[in-house]
Amino acid sequence: MENGALTKKQVLLYHCVEMEEVARKIASESDCIHLHSINWRSFEDGFPNLFINNAHNIRGQHVAFLASFSSPAVIFEQLSVIFALPRLFVASFTLVLPFFPTGSFERMEEEGDVATAFTMARILSNIPISRGGPTSVVIYDIHALQERFYFGDHVLPLFETGIPLLKQRLQQLPQSEKIVIAFPDDGAWKRFYKQLGHYPAVICTKVREGDKRIVRLKEGNPAGCHVVIVDDLVQSGGTLIECQKVLAAHGAAKVSAYVTHGVFPKRSWERFIHKDDGSEKAFTYFWITDSCPLTVKAIVDKAPFEVISLAGSIADALQT
Numbered sequence: 128m129e130n131g132a133l134t135k136k137q138v139l140l141y142h143c144v145e146m147e148e149v150a151r152k153i154a155s156e157s158d159c160i161h162l163h164s165i166n167w168r169s170f171e172d173g174f175p176n177l178f179i180n181n182a183h184n185i186r187g188q189h190v191a192f193l194a195s196f197s198s199p200a201v202i203f204e205q206l207s208v209i210f211a212l213p214r215l216f217v218a219s220f221t222l223v224l225p226f227f228p229t230g231s232f233e234r235m236e237e238e239g240d241v242a243t244a245f246t247m248a249r250i251l252s253n254i255p256i257s258r259g260g261p262t263s264v265v266i267y268d269i270h271a272l273q274e275r276f277y278f279g280d281h282v283l284p285l286f287e288t289g290i291p292l293l294k295q296r297l298q299q300l301p302q303s304e305k306i307v308i309a310f311p312d313d314g315a316w317k318r319f320y321k322q323l324g325h326y327p328a329v330i331c332t333k334v335r336e337g338d339k340r341i342v343r344l345k346e347g348n349p350a351g352c353h354v355v356i357v358d359d360l361v362q363s364g365g366t367l368i369e370c371q372k373v374l375a376a377h378g379a380a381k382v383s384a385y386v387t388h389g390v391f392p393k394r395s396w397e398r399f400i401h402k403d404d405g406s407e408k409a410f411t412y413f414w415i416t417d418s419c420p421l422t423v424k425a426i427v428d429k430a431p432f433e434v435i436s437l438a439g440s441i442a443d444a445l446q447t
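Counted from 1, the sequence shown has number 172 at position 45 by the working numbering; the numbering is strictly sequential.
Don't read these hints as lab results, they were simulated from the structure. We put the CB at the ideal spot given by N, CA and C, even for glycine. Among the hints, erroneous ones may be present.
Quick list of in silico lysine to any residue cross-link-like pairs, SDA-like style, CA-CA up to 25 Å [claimed, not checked]:
id, residue 1, residue 2
1, Lys429, Lys135
2, Lys393, Lys135
3, Lys294, Pro199
4, Lys135, Thr366
5, Lys429, Thr447
6, Lys294, Gly314
7, Lys321, Leu300
8, Lys402, Val434
9, Lys402, Thr366
Have a look at the derived ranges for each label pair, beta carbon to beta carbon [unchecked claim]:
id, residue 1, residue 2, range
10, Val144, Phe210, 25 to 31 Å
11, Ser303, Gly365, 36 to 42 Å
12, Val434, Glu171, 25 to 31 Å
13, Pro291, Trp167, 28 to 34 Å
14, Glu397, Gln273, 17 to 23 Å
15, Ala380, Asp403, 20 to 26 Å
16, Phe174, Thr447, 57 to 63 Å
17, Ala380, Gln446, 23 to 29 Å
18, Glu407, Ala200, 36 to 42 Å
19, His325, Ala200, 40 to 46 Å
20, Phe210, Phe276, 21 to 27 Å
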């Protein structure tokens, strides 16, 4: 379209405190995205005392909010803003929640289990409709594919992925033709193999031996190659470490890892840090995106970690 630049919508982007740096990067990616601020204050009893700046001037504008639900403590204040913005007579409202945090807690194994992923989706499905219609909810690499069906008809979930950014990074590597993609289990393979189909694949599997879960090589040959383990998120990192050991034992020349969401509770990223004692380094690279900003702050300039920013991808999604 010749007039493509003219038809781009101007977007006013609000953000939570944790996401300030990512929001600045998103705004720097596009002349059509303009940062606006919120006063995140608290009353003496600890409950939020919030103020949306320029509220009168956003009428008729396309508005977005960049969220980070990194802990239950910060969710309520952000939901309060998320539910308020569409009611300010905006032309459209988009919620960008790069990491859907309850996504790995959807299993109902016995009566009494509470599926918190479903609860979160129900809450977000009740965001008020703006003048432009339902809210768009942008999420990257949601953990369980069935979760896309948890959302009600009052929101439009837009599921994005960080894999194209990984592919760009892999093409920059020396000997990029000797890369093999490893999936730590069948779930990761089902999720990502179509997007990474032009790379040879190795699939691992987890088997139970007594109380232990042991990683085994199921199919593929990592010998002599730079093997990149790909998954949607990492918590303790135990599976990745076991996977790396199996790949190295089968002759992988180098092993790296990519996860979209570096959750790493209790500083579990520390077990991956390169030490200066001459010891062999298990992971050559460990790529994460900036979907979990507290992790990004913690691992800055620490090898093998490299952060691949979602900013450009989010800027594009805001034009959807």
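Structure-based check of each hint:
{"no.": "1", "hint": "Lys429 <-> Lys135", "verdict": "38 Å, violated"}
{"no.": "2", "hint": "Lys393 <-> Lys135", "verdict": "42 Å, violated"}
{"no.": "3", "hint": "Lys294 <-> Pro199", "verdict": "33 Å, violated"}
{"no.": "4", "hint": "Lys135 <-> Thr366", "verdict": "43 Å, violated"}
{"no.": "5", "hint": "Lys429 <-> Thr447", "verdict": "35 Å, violated"}
{"no.": "6", "hint": "Lys294 <-> Gly314", "verdict": "20 Å, holds"}
{"no.": "7", "hint": "Lys321 <-> Leu300", "verdict": "21 Å, holds"}
{"no.": "8", "hint": "Lys402 <-> Val434", "verdict": "19 Å, holds"}
{"no.": "9", "hint": "Lys402 <-> Thr366", "verdict": "21 Å, holds"}
{"no.": "10", "hint": "Val144 <-> Phe210: 25 to 31 Å", "verdict": "18 Å, violated"}
{"no.": "11", "hint": "Ser303 <-> Gly365: 36 to 42 Å", "verdict": "29 Å, violated"}
{"no.": "12", "hint": "Val434 <-> Glu171: 25 to 31 Å", "verdict": "37 Å, violated"}
{"no.": "13", "hint": "Pro291 <-> Trp167: 28 to 34 Å", "verdict": "33 Å, holds"}
{"no.": "14", "hint": "Glu397 <-> Gln273: 17 to 23 Å", "verdict": "33 Å, violated"}
{"no.": "15", "hint": "Ala380 <-> Asp403: 20 to 26 Å", "verdict": "23 Å, holds"}
{"no.": "16", "hint": "Phe174 <-> Thr447: 57 to 63 Å", "verdict": "35 Å, violated"}
{"no.": "17", "hint": "Ala380 <-> Gln446: 23 to 29 Å", "verdict": "41 Å, violated"}
{"no.": "18", "hint": "Glu407 <-> Ala200: 36 to 42 Å", "verdict": "40 Å, holds"}
{"no.": "19", "hint": "His325 <-> Ala200: 40 to 46 Å", "verdict": "43 Å, holds"}
{"no.": "20", "hint": "Phe210 <-> Phe276: 21 to 27 Å", "verdict": "23 Å, holds"}
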